[in-house]
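Which chain is which? The protein sequence lines are Z and C, in order. Positions in the first sequence are counted from 1; adding 1060 to them yields the numbering used here. Positions in the second sequence are counted from 1; adding 43 to them yields the numbering used here.
These are calculated hints, taken from the structure and not from any lab test. If you're wondering where the values come from, they're calculated on a predicted model, not measured in any experiment. A virtual CB, placed ideally from N, CA and C, is assigned to each residue, including glycine. Don't take every hint at face value.
Some chain C residues near chain Z, calculated using beta-carbon distances under 8 angstroms [as the list claims (entries may be wrong)]:
id, residue
1, Leu-101
2, Pro-121
3, Tyr-122
4, Asn-127
5, Thr-128
6, Phe-130
7, Ser-132
8, Ala-134
9, His-138
10, Phe-147
11, Gly-148
12, Arg-151
13, Arg-152
14, Gly-156
15, Tyr-271
So you can see what is in the structure, the chains are spelled out below.
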Amino acid sequence: MVAVLPSSGQTFQQGGGRRGRRITPYLLLLPGMAWLAVFFLIPLFSLAQTSLMQMRGASPDQGFVNAFNVANYTNSMQQFMAQYLRSFWYSGLATIFALLISYPLAYFIAFKSGRWKNLLLVLVVAPFFASFLIRTYAWRTILADDGWITTTISHLGLLPDNRILATPIAVVAGLTYNFLPFMTLPLYASLDRIDPRLIEAASDLYAKAFTGFRKVTFPLSLPGVVAGTLLTFIPAAGDYINAQLLGALQNKMIGNVIQSEFIDIRDYPTAAALSFVLLATILILVTVYVRRSGTEELL
Amino acid sequence: MATAGRIEDLHIVRVTKSFGAFTAVDDLTLTIPGGSFFALLGPSGCGKTTTLRMVAGLEEPTAGQILLGDRDITTSRPYQRSINTVFQSYALFPHLDVFENVAFGLRRRGVKGDDVTKQVTSVLELVELASLARRKPGQLSGGQQQRVAVARALVNRPDVLLLDEPLGALDLKLRRQMQIELKRIQSEVGTTFIHVTHDQEEAMTMADTIAVMNAGVIEQMGAPAEMYDLPKTAFVANFLGQSNLVQGQITGQEGDLLVVRVPGGDVRVPVSRSADTTGSLVVGVRPEKLRVANGNEANVNRVRGRVLDVSFIGVSTQYTLETPWDPERPVTCFEQNDEGAPDVKPGDTLELVWEYAYTFGLDGDEDLEAGTQFLGESSTDDEDE
Ligand SMILES: Nc1ncnc2c1ncn2[C@@H]1O[C@H](COP(=O)(O)OP(=O)(O)OP(=O)(O)O)[C@@H](O)[C@H]1O
Ligand SMILES: [Mg+2]
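The following block holds chain Z by itself, in its conformation from the complex (with noise of 0.2 angstroms):
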């Protein structure tokens, strides 16, 4: 049994070549590198390109040429700060709700469910099963003025306006919601892939079951905490329908503008710029946090 291992290796190391072992790996990269190129990298080039324009004449109807039109930059951004704090803000927050809201519904699902585990994680997905739109919009009606939620809650006199949609915490709370499942799956992987031994390790060497939490548990979770935050924050960043379906006018988020610059007043250059902006924050932000969570090796 011993005796064959090695020379069976060895067979494999002649037969397959040196040179043809190194090459395999890029061949298999082939067809998605070539997805990337053709679906990503020319439009990312393409939307660059657009960002840089100039209008051809005094509105965009007339269309644009090639420029180095900078100033798209600095006049978007000026005009449209507001909403694009805002985006991070509303993602931000509702990164932080999903992350309570998922970490113990993960952490039950993990370690406490038993024979439920499974019919658990379907219920977790089941709202994939209905359109991203029709969800949203049964959230106005769940939220509605004269809905059940919305007296409650103003009866019990914690609502200033005494209603929810059109309000940032409409907007939020359906962010949250929307997005929960990607803050809850990634959290229930890298929590079911602990091993329950270290958990009784810690008990072992004297922590206290809080104690074993903090200092294996939710260390050993990390990955999944730093994916679904990721896999929440950047969605909901560059979200619209949210914002546009449960917000009110002042409630618009960045995606809104894009989406309106684009299709309603067919600004380009100015869409494109500001879809720039956003993809440079994002990345800036995913790698700060991500140094920071000191987590690169786990992800």
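Once you have looked at the hints, place chain C with the ligands on chain Z.
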């Protein structure tokens, strides 16, 4: 914390553990002397891990008590017990480096700063890992991880250290080396070690006291040499080393020897080594006590048979014989190759002899096959590596 004085005995008193309808540990009573190196030996699934987990507090007994000295710790939480475990799988914290893994228990008990450094460093030196203190467990070899696991438990100076087959994952050579090292560490720190294994050789080389466990109960307990010399049950006779066993009837007594009729002739068993003095008896002898007869022995037991197999193993030659005792159960003899092996071929008839004093007598109701199904369990493991 072991106080300056003597380390306390661990008492397991009438402990039973059931999982649903299944009884994993059945009315177990055991006293483990403080400061001893105690081996719990038994086949897979006999309840060893369950016993350790109850001692560690990771599992609560269904019935019975566990006492450390005169303190009842049956229901105290794992973190309240001065007992630490070296887990079968090591269970090192993958996000902490070697130093922090070892410091974990100290920090939880409020040891601070320099004291932590001092104690961790000294225990890492004991296991010869001081130079690897900043490595993560994932960057260590199996043997190094195992030593970290020992250091992490040992640094707390527990009253009792539980080792659950800690050497199971190591290859034969490293395992032998670690056995010696663990034994050395134990004699240096003086803590009670309870070492679980299903490798009988490991148990015999390391422990002062062995308890052989089978199906949730202790079959026999004692010093390794004593148990090997005088097994009390067929299970122990077969599981701890090998034995030739035969069913017989006691027909009389000659001084301090019992005469037992077995198929093919009489054998004699010292009264002091027999479980019974009347009725039926299972007679046994270890294969290495047998030797090929040269015709001038007197006052020995004899068995004749047809040679089935001869295998030369260097220091000894192993003969397998079909005898009148039981044609289904061949008799095995390990003959030392000290004076040149006699020329014996399969098919030859051979007479084997052994001293009366090496014979032992077990209860007549014993199942001759008990424990044999696990034979070679540990050697199979060796080949896996
Ligand atoms: N949590 C549990 N639920 C049900 N049965 C269990 C549980 N833990 C152990 N058992 C059963 O109890 C018996 C004893 O298990 P235990 O782990 O103590 O065996 P062991 O002697 O340590 O075996 P090994 O040498 O293979 O580690 C086994 O038959 C096992 O299936
Ligand atoms: Mg076990």
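Given Ser-132 (chain C) as an interface hint, is the shortest Cβ-Cβ distance to chain Z below 8 angstroms? This interface hint holds because 6 angstroms falls under the 8 angstroms limit.
Hint status (Cβ of Phe-130 (chain C) to nearest Cβ of chain Z, threshold 8 angstroms): 6 angstroms, holds
Do the numbers back the hint for Asn-127 (chain C), that is, is its least Cβ distance to chain Z under 8 angstroms? 6 angstroms, holds
Status of the Pro-121 (chain C) interface restraint (C-beta, 8 angstroms, chain Z): Pro-121 (chain C) check passes; min Cβ-Cβ to chain Z is 4 angstroms, inside 8 angstroms.
Interface hint outcome for Tyr-122 (chain C) [beta carbon to chain Z under 8 angstroms]: This hint holds: Tyr-122 (chain C) lies near chain Z, its Cβ roughly 4 angstroms from the closest one there, short of 8 angstroms.
Does the closest beta carbon of chain Z sit nearer than 8 angstroms to the beta carbon of Ala-134 (chain C)? 4 angstroms, holds
Let me know if the C-beta of Arg-151 (chain C) comes in closer than 8 angstroms to any C-beta of chain Z, holds or violated. Cβ of Arg-151 (chain C) sits 4 angstroms from chain Z, so the hint holds.
Arg-152 (chain C) was flagged as interface toward chain Z. Is the shortest Cβ-Cβ separation under 8 angstroms? 5 angstroms, holds
Tell me if Leu-101 (chain C) is really an interface residue toward chain Z, meaning its C-beta lies closer than 8 angstroms to one of theirs. 5 angstroms, holds
When the nearest CB of chain Z is found for His-138 (chain C), is that gap smaller than 8 angstroms? Constraint on His-138 (chain C) satisfied, holds at 5 angstroms.
Classify the hint on Thr-128 (chain C) as holds or violated, based on whether any CB of chain Z lies nearer than 8 angstroms to its CB. 5 angstroms, holds
Taking 8 angstroms as the limit, does the beta-carbon of Tyr-271 (chain C) come near enough to a beta-carbon in chain Z? Violated. Min distance 31 angstroms.
Hints 14, 15, counting from the list given before, are not met by this structure.
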